[in-house]
Structure formats: structure tokens, C-alpha cells
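> Dock the two chains into a complex; use the hints.
Sequence order for the protein chains is A and B.
Its first residue numbered 1, the first sequence is counted upward by one per residue in UniProt numbering.
Its first residue numbered 1, the second sequence is counted upward by one per residue in UniProt numbering.
FYI, nobody ran anything at the bench for these hints, they're computed from the structure.
Misleading hints may appear alongside valid ones.
[Claimed, not checked] To list a few chain B residues with every Cβ distance to chain A over 12 Å, as calculated:
#, residue
1, THR24
2, ILE25
3, ARG115
4, THR213
5, ALA278
6, THR309
7, LYS326
[Said to hold, decoys possible] With beta-carbon atoms standing in for the labels, derived distance ranges:
#, chain 1, residue 1, chain 2, residue 2, range
8, A, VAL461, B, ILE122, 31 to 41 Å
9, A, PHE283, B, GLN169, 35 to 45 Å
10, A, LEU224, B, LYS78, 50 to 60 Å
11, A, TYR449, B, GLN169, 33 to 43 Å
12, A, LEU426, B, PRO22, 11 to 21 Å
13, A, TYR449, B, LYS78, 55 to 65 Å
14, B, LYS78, A, ILE285, 49 to 59 Å
Positions of the beta carbon are idealized from the N, C-alpha and C atoms, including for glycine.
The residues making up each chain are set out below.
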Amino acid sequence: MKLKKGGNNSGSGTNNKNKQKWDENFSSSNDFVHYHTSTTEGDPFWISYFRTLISSDILHKDVLPYLQKQLTLKELKSIIPIQEMILSRDSDEIIQNIMSGYMAIQIHPHDDNCLLVNIANSKFRDVGMPTMEASAIGPQVGFIEELDTNINLIRKRLPISELIVKEMSVGKLSKTRAAVLYVKGIADQENINTVIQRIKDIQYDHIQDSSYISSMIEDNSNSLFPQSIATERVDRVATGLSEGKIIIAADGSPNLIILPITFMEAFIAMEDYSYSWIISNFFRILRFFAVWISSFVTPMYVAIMTYHYELIPERLLEPLVGSRATVPFPPFLEALFLELMIEMVKEAGIRLPLKIGQSLGVVGGIVIGQAVVEAGLTSNVLLIFVGLGTLASYTSPLYKFSNTIRFIKFPVIFLAAWLGLIGVYLYFIFTMIHLLRLTSLGRPYISFYPIRKTSVQDLWVRLPFSMQKYNPKNLRPEKKKKFTGTKKNPEPVNDFYE
Amino acid sequence: MVERGAISVILIFLLTGCALLPTTIVNEIGLIQGVGYDLADEGGIIETLVYPIIKKEQSTTTEVKSAFGQSSKEIRTKINNESQIRLVSGQLRLALYGKTLAEKGINDFVDTLNRDPSIGSIVQMAIVDGESKELLNLNKYKDENISIYIQEMLDQNMEFGQLPKTNLQTFLFQLFQIGQDPYLPIIKNVNGSIRISGMAFFNYDQYMTSIPTEDIYMFKTLLEKNKSNGLQAFMLENGDKVVLETLYSNPEYKVKIVQGKPEFTINLKMKTKLQEFASSKKKRQSFNKKKYQKEVEQQLEEEAVKIITQLKEQQVDPLGLGAKYKEHYRSFDKKEWETYYPDVKVSIKANVEIEQTGTID
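Chain B on its own, in the form it takes in the complex (with noise of 0.2 Å):
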């Protein structure tokens, strides 16, 4: 046995050449964290990287650099040429794209990610209004590492705000998903410092359309079950207001088929927390609690309409209801749906309660 053991170390030693396996030692190395890919105009695209430098004992600087090329590895092997470390993309927490080279389609740049073993799923992905290089210049976060300000800035308002949770996982997931179609957030330059400014919907890779911020927390009510305490605030007809935060929604999606073509109805079940309320009577009166929910009910179905009929003007699918037909209709034809969809009947049925109102009633 002791002899077998010492054979089976020293053919480890031998199959592997005797040597070491390429390092990576971390102080070696320079950790990319964010990339950006912008349109150029000699079509070619121009990439961006960012990645500290970490000091002892210093506050840690970031290094933004960019160059033009044809592919991402090749501006990679361009940039390395001007660092003293070699740039390794394991530590990869943010990808951002310019709007217009999302226009044409991010597949290309998306596959890179995809393809690097060393580059994990939870690399946050967003649409850059404007371009990215400039983005990820910005003065204001010279001294903040910036990939990691977006990544976090971005992260927490997937968990306790409105965007729904994207990122490289899910992003592939809708982009391979038969009968649904990716979605980003979208991010904007406003005055110089960085904000969210609405959701891009994609066909396969490609840019289509957006929503304002207002209308993200809608969509992400209609897309998944969330518990994000995320705020809705409703403008009754009568002027009253009510700010609404989620305690829990669950959007039930039923599917029936007729003749071949499906009908989809939405049970958006809501259960909620009044956080503001304003009578227009400008008078202190109490909450009744029926009559508002029955408005405030009619008031979301209307806005799931608004939502739903421009991602179907807009030929996109972010809500996977192709996806949710073929579950349940066995000869399901991809481009026979493509020519149902923009008529396709969706009716929602909004069910909100209003279980708590406060210390006030």
C-alpha cells in the first residue's frame, strides 16, 4: 500500500511535467472588476477596463484604460501591453454596454463572459444611456472604486428596491429560454453622478425598447413572486394619495389554449402596507381600507395593461409568455407564436390587500 501510494505521487509529479501550474498570486495580478463595451465608429468597439490597485496600508486607487478593436480578448491583450501587472478577468463584478452597440446586438460580448471558466454568474449586466467609457470615467468616482459602487448600487436595488434581479445567470437563462426574451437596467450619466434610469428590453441580444423608472417596480410585480418592501404610489382619480409598500406579490399566470392560440390571465395577488395617505380633501378622515383597495386594484391593472401592450407593439417578451405557452401546448411553434404575440390576449386580475395600515388607522 505504502508503495503504491508513493508510485501514485510520483506519477502526479511526472503526468504534470514536474512543474508548478501557471500562478496567479493575487499581488501579481491586476483584477479586472469592470468592462465596459462601446460602439466605435470605424466599427470596431472600444472596451474599458477597470481594476484597482491595491496598496498597503494606502486607500486603494482604480485604473481606467481603455482601447479599440475588434474583440474583447484582443483590447485585453492591447491593454496589457500598457500595465505593469497582467490583467486577469476572474474577479469580474460588472459589464456595462453602450446603448448604441446594444442596438446592434451584445451576443459577442456577452459570449466572452459566458466562454471564461474564471468568470463567475453573479457579474452584474446593465445598458449604459450614453457611452460606458465615458461612464466609467466619471470625476465624481475617481476615488471610489466605480465597478464596485455599481455593482452594489445595483445589487441592493434588486433586493430591496425596484429592479428586478438580473444578472450574467439570468441574463443567458432568458437569452437560451425558448419564448422569452432578456431584460437589463438601464444606467444613465444625469449631472455627474450615476442613477437608474428605466429597464431595457432586448429581442434575443438586441436592444428594443425601455420603461421609464416609474414603471420598473410594475414590471417586476408582473414578472416574479418578490418580497422586496419595493413602494408603489397610486394617484386616485379622486386626487387622493396612497403610497403602498409590498409585503409579499405572487403573479399567477394561467394559460388557456384556444384553438391553438393562448389566452393568458394574470393573478396579480398583492399584500400590502399603507405607508403614506393623502386625502384631496386636505382633511384628516380614516382609511377605508374596501374602497381603497378596490381602486388601487383597478389602478395596477390598467398600468400592467399599459406595460403589456407596448412590450407586445414592441415584439419582446420579457415575461417569458412564450415560454409559459409551450409549457402547456405541445406543438408549440416558435414562429407561429412570433406572429401571435402582438395580439395576443392578456387579461390581469389585480388582487390587493391592504393588511396593514400603520399606527394610525
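For reference, chain A alone in the conformation it holds in the complex (with noise of 0.2 Å):
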């Protein structure tokens, strides 16, 4: 059976079929054209491309005009000044390029011989800055959607060979081009053969986005912490290669994955690199203090108020049971609403146009908040925590992340509400224990445990950069160390070196 078959891709005798097969399933689309450049019966060429994938103007200046003459396919492909032009007879081969903009062209209109021309649209928006990872300072550049162009804007940055892009496709109906870049001498091969041959492995038939792919080869998909990045900043890509990291990138998604990663990079924003580094310790350690107060500031609040009376300081105890002294719900049911009601401003806000989300904001968080205050149904104090939690939940940089931490206090919340401050510690001991045993392409997320000195030069704190000289060892890089050239003979001699 194998034999027959491979005779019927190679044999003269069944091309027909063959080229039937294909012609068949695009004449039914109506954006499918197929049509004789010649009015003269029997002369060449006969071209079919998608109308709605092709550059019009690509076609009309570079493709027609060659047309005119008598030539062979092998002839046309030496003038036409287009670069991708592929010979074929493979009806498999012919049926994808034709999906992804390329035009075929035939002497015949039932060759099995086909000239492949690329005269894809490649028209994207343009390379944009990064919205949700915002900087103040540092580089402006985002992803977008478009593969090549993003392989472009990292090539730029590390302009060496060392810099692999390994390309396939993935699902059976998208044929999503993803590409799995990494610089060769740093990465791990072992990181890099799991990351293709989990890749790989994927069946599902549509792949959207890069996140897709992200949440189909972690490690635990159950999480509901983020094991990769996704990442829409250039720099940050460009970061993590050297540093021997992997990376994902899907055609059609802007924002690319970054692989394997430890829970404290969670804090970490490009922009820490742009600032002195006793300045960026102290945002970096603010960020990671955030998101304890987001996730625990309202679950104590609900264990106090409801069981630990004791606790409660007796220059508070004024403020904290008068402004409830009105409320008639329990703490548990004062937060939950109160939570609850943020949530849905967010969300509301997101889903809303940017001009009547802003509004909505200003609903949402003065009038209700307000209203909600004055009419008894919550207190002041919890009104404070609660947007401060939300605040906090927003300092880190990565947006995944923070949806992380804005969930994980609902549980919490539920537990206080149950067992008090106990509810709370167990929570948080249940938490660690599940962030010990995650693993991120098989290395240890959590970056305390085993302790290591390149967490300490830049992952907790970050370290003067003379003093940032490993790369970090979670990724076993191949190259240990983060400068070229020995102490005894620096390669660059520079007088003014810091």
C-alpha cells in the first residue's frame, strides 16, 4: 500500500487526480481565482491564487508583466524579481502555499507542474508600543502579530548567528507557524528539545495564540500560576535569550513565550534596568509586598473583624467598629459584595470601549463605592483595603500574573470567613507547598528553594550589573557566565569601564 502510494505522488498517471484534488475544494470559494493570462487558446500561463490573500499591486508590477512570453517554469523563475518562488509538483505542497498568498502558475491548466510564487498581504499594523506592559523608560517596541516581523525586531537585537529559529507548524486547521528561537551555546539542549518536543506533540487542530501553546505544554495546566511568560516587550525576549532562556512564538499572536521562569520573575519589569539599582530594589521589593497585602489584606480583615477581636490595636479599635457599626452583614458577606463589586468594574471596564470604560471607572469606583459607604452596606476601612488590594494586585508587571493574584484572595476570604486566621495560614502554606512542588519545563518556579547565588544578583534584588556574572543557574545555561573574556585579560580595554 505505502509503495502504491508514494508511486501515485511520483508517477505522470495519476497527476490529473491529483491536481484535480486541489483545484476542486478552492473553486468552491468564491475568492479563489483561476483564469488564462492569454486570450489565445493553448498558449501559457493559466495562474490561481486567493484574491483575498495575494498584494494586488506585488501581482500587477512584479508577476503580469512576465507573463506576456513564451517562456518554461523555469525560465519565468529565473526573471521574476520576486524572491520566494518554489517549483512543484506536490499537490500537498502546492494546496499550503497556496493557503499562506502564494499564486500558482501553470503552462496547462491541468499541469501537475506549478510555479509557486509568494505574493502573500502581508500588510499588519505597525510595530507599536508594548500596551500592557507599559515602561516609562526604556525601549518603546511591542510585538505584533505578524511572525517575521517579530523574529525581525529580536534578530535586530541580537544580531548573531548563535540566535536558532526553529519553525513548525502547529493544528491541523490553524497551520499556525510557530517558531521556537534560542541562542545556541547559552540555552540548555535539554530545555530545548522538551520545548520541541512538547511542541510537537500538541494535536489540538486550532491554535489561536501563543497562549495556546503555552498552556498546552506547561507543566501543570492546572496551576493557577503562570509558568511561562508572555511577554509583548522585545526586550524582555531579547533578555531572556542570552540569559539562555526559550523562546515561543506563534504567527498571529503578539505576544511571545518565555520559557522556563521562577515565580520571583513575576516582579521583575524591564524597566528595573533602567534605573540605579538601590532604585530598582526598592520597586522590585514594593512589588513583591503588593501582591502579599492584594492577596491577604482583605482575607485578614474578614478573620479579625469576624474572630480576633484581641488583635485589633486599641487606637483602631474606634475607627475599625465604628465605621462597621452600621453594617448589617457579616464581615464575610461585607467583602465578599464589596470584592465581588470591583471585580465586575474591572472586567466591565475591560470589555467596554476605551472611551466608556473610562466612565464606567468613575461610576464604579466613586459613585458605588461611595454610595455603598453612605448607605451602611460596607465600611470605610474594608472600602480602603480593598482598593488598595486591587492597587497592589496591579504592580506586577506581567498581566497573567496579576489575574493570578486578584483571584487567589477569593478563596482565601472564604477560608477566613471559616476558620479565621488559621483559614489563612493554611491557605498559605497549601500555596507554598503547591509553588514548591511546580516546576517550570521541569526546573524548581519557586526561587528560594534550592538557594542560589545567581537569585540573589539579580531575581530577589538586583545587583549593581558589575555584579550581575552568572547566568541564572535554574536554566543550567551552557554558558555560565553572563560577560566573555577572563579576569587577568578583559576582552574590552576600556579605561572607563565602571
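This is the structure:
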């Protein structure tokens, strides 16, 4: 059977059958064009393409003028001024290429030999600012939906031949082009192999975005914590590559996936490297504490107000109790009500168009917030805590991670209302156990066990560049140091070296 | 793993009977902040409770309620009968004991504070010269939260003033420590306002004797190392007045055991700052540091001896001399020590240094 099939592809007797296969499927679409360029019957050429996939500019300027003469396909290939051309008779290849914006040129309408010319319309939006990961200073370039542009942006930042791009197609229906990027000689070969193998194993038909890939290849897809970073910042990707991380890019997605990562990386903003190391440490630690505040301030309020009145300092007693004096609900319902309200305001704000969203924010934040307190349904103090928690959850530079933080407080509120502070501690312990068990690409997710020297240089804190000597050890990089050359013989001879 | 997690959550639900723990939602409970115990004529006690009624956007008022009974928690139940909110004791900040009760022993009413896990150890304690019920009902403090007022009054005097640090924790420590007796401040109603009037010394839990306010700071200096900036005035023999502020003081106890009997030497080291100086000659003159240091030292020693003599006579040992003796002597016997104590030899060597004399010399 196999032999026979092989014969089918190469044998000339069944070519017509092959040809009809791709022709049939295509001609039932109205945007498929298949016509004769000459008025004389029997003259070349016949061309076919999808009107919606190609750029008619290129077609008219660069292809059609050459189709007036009588030439063979080989001759034609040498004169058409377009780079990507394939001579093919494989119907699978023809279908695939026509579907991605190539045109097929044939001498006769039912020839099996085709010249495939790339005249794809690659108009996408321009490279713009990163919208979800904005920064005040530093490069303001964000990825866009086109894979080649994205790789171009990365190659500009890492103009070395060691930057390897491995492309593959994922999804039977979407045929998404996915690319795995890494720097040879730095990235660990085992990590590379794992990523490529996992992507190849994806059997899902429809891959819409790089997030599909990342959630399919994550070590634990039931975890609330993202085990990869989805970023639109070029500098974050380039930095990751240079440290030995692996990037997954997918065509049609402005977010690139960085693997493997650690928990602490959710608190690193690329801006940190633009400031003095002391200042950036302050902000990094601030973000870290903001996350704890965000997930535990409301549960603590619920627990203390419901069970542990002993813990309230006597000076705080009056404001805390006084503000709750007319609230008819237990603290649990009060907190749940307010938290859900804020989540609703936020959710509606995202779904609505920008301008309406803004005014909605005002209505939700000020009008409802004020009115709820005045009506005596919640206390002022809780409103402050909830507002603080919401604000704090957005300090993480990664949007996916902020959402995790915003979600995890709800189970804690339940536990706090049910068991008091013991519930809060239980939740904390279970979260820590989970984080300690979690891995990203088989590497430990939480960065404080085992303790490594590299995590002191640039993870928990950021030391000055002169002290960031090593690439993160949890990545098992092949190149251990962050600089080339030895102490005795430093490569750049520069008197002004910091 | 997921199953195990789910099972453990269900188990926690089942094991706690699916019910919430008894809640104490802050605005549904009465937070007792102050409590006073007095001896009643009929042999029982009168307990007074103070708790605030906190309202939204209104000034807080306090409720003061008293009842007669035999035990603290029994009276709590009685007072609960006339309260619209449940009374709880987790916010207790002040415990007062009437003097007559203290003379009979206060252990029973300290025990209940110690036993209750919701009561913290920073509860301030004081002995009332008079009746604590009367003190807590004083008209002048009607609009004030009287228990917090007294607590803060004692607190600030302990931190910056004359009083040595006492609270429930120190009281219990001294009570249970072998070779030391507790001490507590005495407060008094003086013409309608509350004032610290002395220091009470206990033998175990029974009030024995007291020293007046003027001597409290001397006692504090003998007791512990401190940097509390307390003032001490010295009227010298020649009529000069010297007022010194303590910058640092440290009593060093030396124990010497002679034939099984202890002898104590207290090396009192003080660094001070001259705050006030008035010469008897009514004439401006420069301050002779060396001369006055010596005279002040002498006077300090005299005062210290006076206090220690009083303590020895009354058989109370708040300085913990017994405990210090025990540290140095393995075959310490409490009964034996008690017989030694009234005539134990305690000598004091003061070493005062006037470090700062202010902006004039």
C-alpha cells in the first residue's frame, strides 16, 4: 500500500487526479481566482490564487508583465523579481502554499507542474508600543501579530548567528506557524529538546494564539500560577534569550512565550534595568510586598473582624468598629460583596470600548463606592483595604500574574470567614507547598529553594551590573558567565569601565 | 494530588461539623477594657466592668457596670444579663484592685486573667487607694474612655517617667519567681482626678507596704537598668539644690556568700544631665562637678539604704535579692532565706557622673 501511494505522488499517470483534488476544493470558494492570462487558446499561462490572500500590487507590477512571453516555468522562475518561488508538483505543498498567499502559475490548466510565487499580502499593523507592559523609560517597541516581523525585531537586538529559529506548524486546522528561538551555546539543550518535543506533540487542531501553546505545554496546567511569561516586550525576550531562556513565538500572536521561568520573575519589570540598582531594588521589593498585601489584606480583615477582636490595637478599635457599626452583614459577606463589585467594575472596564470604560471606572469607583459606604452596606475601612488590594495587584508587570493574584484572594476570604486566621495560614501553607512542587520546564518554579547565588544577583534583588556575573543557574545555561573574557585578560580594554 | 486536596478540604468541613466557629464580630460584642475588683462587706467581691459603646460618626461613650458576687466570671455573667451586647474580655487593658482586697491577696483575681487565653499580657495593673468602683465611676472622666486613660497614664510614666515597668506579665513572673515579690503602682482619687500615689509591695499576692511617689524613682533605679530620663532632685546639706536627669543608670548586683549567708553589694552607675542648680548663696557661681557628684552619690546611697531597710523590715523582696542569691548558691533554701532576709547585709556604692551641664557651666 505504501509503495503504491508513493508511486501515486511521483507517477505521471495519476497527476490529473492530484490536480483535481486541489482545484476542486479551491474553486468552491468565491475568492479563488483561476484564469488564463492569454487570449489565445493553448498559450501559457494559467494562474490561480486567493484574491483575499495576495497583494494585487505585487501581482500586477512584478508578475503579470513577465507572463506575456512564451517561456518555460524554469525560465520564468529566473526572471520574475520575487525571492520566494518554488517549482513543485506535490499537491500538498501546492495547497499549503496557495493557502498562505502564494500564486500558482501553470502552462496548461491541468498541468501538474506549478511555479509557486509568493505574492502574499503581509499588511499588518505597524510595530507599536507595548500596551499591557508599558514602561516609563526604556525601549518602547512591542511585538505585533506577524511572526516574521517579531523575529526581525529580535534579530535586530541579537545580531548573532547563534540565535536559532526553529519553525514548525501547529494545529491541523489553523496551521499556525510556531517558532522556537534560542541562543545556541547558552540555552540548555535539554530545555530546547523538551520545548520542541512538546510543541510537536500538540494535537489540538485550532491554535489561535501563543497562549494556547503555552498552556498546552506547561508542566501543570491546573495551576493558578503561570509557568511561562507571555510578553510583548522585545527587550524582555532578548534578555531572556541572552540568559539561556527559550522563546516560543506563534504567527498571529503579539505575545511571545518565555520558558522556563521562576516565580520571582513576575516582579521584574524591564524598567528595573534602566534605573540605579538601589532604586530598582526598592521598586522590586515594593511589588513583592504589594502582592502579599493584595492577596491577604481583605482575608485578614475578615478573619480579625469575625474571630480575632483581641488583635486589634486599642487605638484602631474605634475607627474599625465605628465604621462597621451600622453594617448589617457579617464581615465575610461585606468583603465578598465589595470585592466582587470591584471585580465587576474592572471586568466591565476591559470589555467596554476605551472611552466608555473610563467613565464606567468613575461611576464604579467613586459613585458606587461612596454610595455603598453612605448606605451603610460596607465600612469605610474595608473600602480602603479593598481599594489598596486592587491597586497592589496591578503592580506586577505581568498581566497574567496580576489576574492570578486577584483570583487567589477569594478562596482565602472563604477560609478566613470559616476558620479565621488559621484558615489564612492553611491557605498560605498549601499555596507554598504547591509553589514548591511546581516546575517550569522541569526546573524549580520557586526561586528560594534551592538557594542559589545567581538569585541574589538579579532575582530577589538586582545588584549593579558589575556584580551580575552569572546567568541564572536554574536554567542550566551552557554559558555560565554573563560576560566574555577572563579577569586576567578582559576582552574590552576600556579605561572607563565602571 | 487533586483528589487528596479535595478530600482534605471535605474532611476539614466534616470534622468541624460543617459549622462556623463561634464568631465574635466586633460590632456585636462589648469589649471590656477595664475591670476593677473590690472587697465587699459580705465577704464576696464587687467587680466593675468598663466597656465602650462605639457608634458611627459619634463620640464613643463608656458603660461602667458593677455587680456583687463570689468570683470574677460569675459576676461577668450577672452583668451580661443587663447588657444588650455580649461581653468579652479579649480587649482588656486595665485591671484595678482595691487596697482592702489587695491586703487579703489578689491571686484569685489575677488567676482568671492569666487563665483566659484571649487576654494578652500587656494588661496594666494597679492598686487603688480606696475603691476601684468609685475610681472608675469618677465624674470627670465620664466622656473619656477611663480604662484607656488610666492605662496610658501608667504606660507613659513607665516609659518616660518614674514608674518601673509593670503589667500582667511582670506581675505573674514575679509572683511565680522564687525569691522575688511583685510590686504594682498605687493610684488614688485626689479631689476628683486620678493620680499615681505610690508603689505597692506584695508578699506573694498580699499587699504589705508602700513607698511614696518621691521614692519610686529611686526604687526604679535600684531595680533595673534604665534610660528613662527620670528626674531626681537632691537637697544637699549645705542647702544647694541639684536636679539631675538620668541619661543612663545601671545597678550591678554583686553577691558574696559568707558561710552560706549572702552579702549584697549594689554598684549603682549613673550618667546624668544637670537640669537645675540653685546655690544656697543666691549668687551665680560656676558648677563644681566633682564636688557635687560626690555629694549626690552620698545622698543616693542614703536614700537607697532607707528604701531597702523598709523592704527588709516588711519582709518583702521586690528587688529579687532572693533570686539573685539563688543564682549563686546551689543549696538555696527558701525558708532559710526568709529568716536571713530581715538582716541581710546590703551595701550600696553609687557612682554618679554628671555628663552634661547644659548651656551654662
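> Are the hints correct? Go through all of them and say.
The hints, checked one at a time:
no.	hint	result
1	THR24	violated, 5 Å
2	ILE25	violated, 6 Å
3	ARG115	holds, 15 Å
4	THR213	holds, 27 Å
5	ALA278	holds, 41 Å
6	THR309	holds, 40 Å
7	LYS326	holds, 35 Å
8	VAL461/A with ILE122/B: 31 to 41 Å	holds, 36 Å
9	PHE283/A with GLN169/B: 35 to 45 Å	holds, 41 Å
10	LEU224/A with LYS78/B: 50 to 60 Å	holds, 52 Å
11	TYR449/A with GLN169/B: 33 to 43 Å	holds, 37 Å
12	LEU426/A with PRO22/B: 11 to 21 Å	holds, 19 Å
13	TYR449/A with LYS78/B: 55 to 65 Å	holds, 56 Å
14	LYS78/B with ILE285/A: 49 to 59 Å	holds, 54 Å
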